[in-house]
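Novice: Spelled out, the chains give:
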Amino acid sequence: MRALFVRDMALALRAGGGFGLGLAFFLIVVVLVPFSVGPASDLLMRIAPGVLWLGALLACLLSLDRLLAVDWEDGALDLLATSPLPLEGVVAVKAAAHWVTTGLPLVLAAPVLGVLLNLAPAGYGVLVASLALGTPALSMIGAFGAALTVGIKRGGLLMSLLVLPMYVPTLIFGAEAARRAAEGLDPTTPLLFLAGITAGVLALMPFAAGAVLRVNLR
Amino acid sequence: MELTVTDLAVGRGGVPVLAGLSFGLGPGQALVLRGPNGSGKTTLLRTVAGLQPPMAGTVTGAEDQVAYAAHADGLKAALSVAENLGFWAAVFGQRGIEGALRAFDLEALADRRAGQLSAGQKRRLGLARLMVAARPLWVLDEPTVSLDAASVTLFADAVRAHMARGGAALIASHIDLGLETDVLEVSPHRAQAAAMAHADEAFL
Chain G
1 MRALFVRDMA
11 LALRAGGGFG
21 LGLAFFLIVV
31 VLVPFSVGPA
41 SDLLMRIAPG
51 VLWLGALLAC
61 LLSLDRLLAV
71 DWEDGALDLL
81 ATSPLPLEGV
91 VAVKAAAHWV
101 TTGLPLVLAA
111 PVLGVLLNLA
121 PAGYGVLVAS
131 LALGTPALSM
141 IGAFGAALTV
151 GIKRGGLLMS
161 LLVLPMYVPT
171 LIFGAEAARR
181 AAEGLDPTTP
191 LLFLAGITAG
201 VLALMPFAAG
211 AVLRVNLR
Chain U
1 MELTVTDLAV
11 GRGGVPVLAG
21 LSFGLGPGQA
31 LVLRGPNGSG
41 KTTLLRTVAG
51 LQPPMAGTVT
61 GAEDQVAYAA
71 HADGLKAALS
81 VAENLGFWAA
91 VFGQRGIEGA
101 LRAFDLEALA
111 DRRAGQLSAG
121 QKRRLGLARL
131 MVAARPLWVL
141 DEPTVSLDAA
151 SVTLFADAVR
161 AHMARGGAAL
171 IASHIDLGLE
181 TDVLEVSPHR
191 AQAAAMAHAD
201 EAFL
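These protein sequence lines map, in sequence, to chains G and U.
Taking our numbering, the leading residue of the first sequence gets 1, the next gets one more, and so forth.
Taking our numbering, the leading residue of the second sequence gets 1, the next gets one more, and so forth.
One or more of the hints may lead you astray.
[Stated by the list, open to error] To spell it out: a stretch of chain G is covered by chain U in this simulated footprint if at least three of its residues, at any positions, have a beta carbon under 8 Å from a beta carbon of chain U; those stretches are:
| no. | region |
| --- | --- |
| 1 | 7-13 |
| 2 | 64-76 |
| 3 | 79-91 |
[Said to hold, decoys possible] Which residues of chain G face chain U? A partial, calculated answer using Cβ under 7 Å:
| no. | residue |
| --- | --- |
| 4 | ALA3 |
| 5 | LEU217 |
| 6 | ARG218 |
No lab work stands behind these hints, which were simulated from the structure alone.
By construction, the Cβ of each residue, glycine as well, lies at the ideal position given by its N, Cα and C atoms.
With the sequences and hints as input, model every part of the structure.
Specialist: This is the structure:
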């Protein structure tokens, strides 16, 4: 398991691995928003939590379609399926490596980009907390989507269509927590819901993804 | 380790391709599968490796015993030869890749990135993975594709050493490896079209 995690990290960080693409995409989306809605600072302040969350979600999605497809194409997935590692563990580890290389940089970059959108000072801490709680669920749900579409040519678009509806609860509670904090309200309830969703996803999704992968490998 | 296949029927995409296969494989034995393209050798090997369920019959003794090598080697172009091999050794809970590198004459290439290897060198690396897996049953699908004569000899030596250690091998191959093995011709076991009698099940 650890070897797989280390390998996936190494592959992501080396040339062609796509590390940083998600982060750059997040940066560009957030920078484009003031251009499209105009420089009204009070409007930006109001929409900042939602824009940051949506940007992070889309950036996370961007790199997911290669999560399992690469291993499927070069035959490594067949070999992993016959190895001592359970497929549930393989998917969970790959989702974890995806989160460290994509989700974690987004969490760390979000406060900097919050400045660009004139996010209210009270919102920074909770924005980071909500992203840190929510992005692991995004990676894990995405790994399930990748398992569903593995083996399909141009499965990336189909995967986005399947995965985005499943992102809705995380997006609602994550953005709501950040918005409430930015407006000086108590964000505890949406944060707890968000943590609950993430815990449920992390507990159940590896099994769903493993089962789907077993069917797809036949 | 004792592989027993009884009255096995295998299929691809719900269509049966081979039926009525029975054979056994004990320690130190190897079986070579022969048959024309599309006769179901790969499907049979995937079933034995547990990658797909049999349509009928049983495979016993293969669970967690199989090191599988197919047409694709599962190599990562961005990792070096030693890193690729080391990864699989770690996955199978083994240490030390030197023996496998030596057996397939890859020592000089250990630091080369897998993406820069020739097709035959990649194949040798894929086969070296079998040695670090340390599983008793090798299930090999056309292992000699793109290997030159010298490398085929290296491979045959590796299979012989594996059998001498009490391992077994199930190999689909068109060329003569120079091994003293039994040969199973799969074409007589081709599934009959009668198995399609329930084809309109989905519409009932």
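Novice: Next, verify each hint and record whether it holds.
Specialist: Outcome of the hint check:
1. Counting residues of the region 7-13 of chain G whose C-beta lies closer than 8 Å to any C-beta of chain U gives 3; at least three are required, and the coverage claim holds.
2. With 5 residues having a Cβ less than 8 Å from any Cβ of chain U, the region 64-76 of chain G passes the three-residue criterion, so the hint holds.
3. Beta-carbon proximity to chain U at under 8 Å applies to 7 residues in the region 79-91 of chain G; the threshold of 3 is reached and the given coverage holds.
4. For G:ALA3, the interface hint holds, the least distance from its beta-carbon to any beta-carbon of chain U being 3 Å, beneath 7 Å.
5. Annotation: interface hint on G:LEU217 holds; nearest CB of chain U at approximately 6 Å, less than 7 Å.
6. The interface hint given for G:ARG218 holds, since its Cβ lies 4 Å from the closest Cβ of chain U, which is under the 7 Å cut-off.
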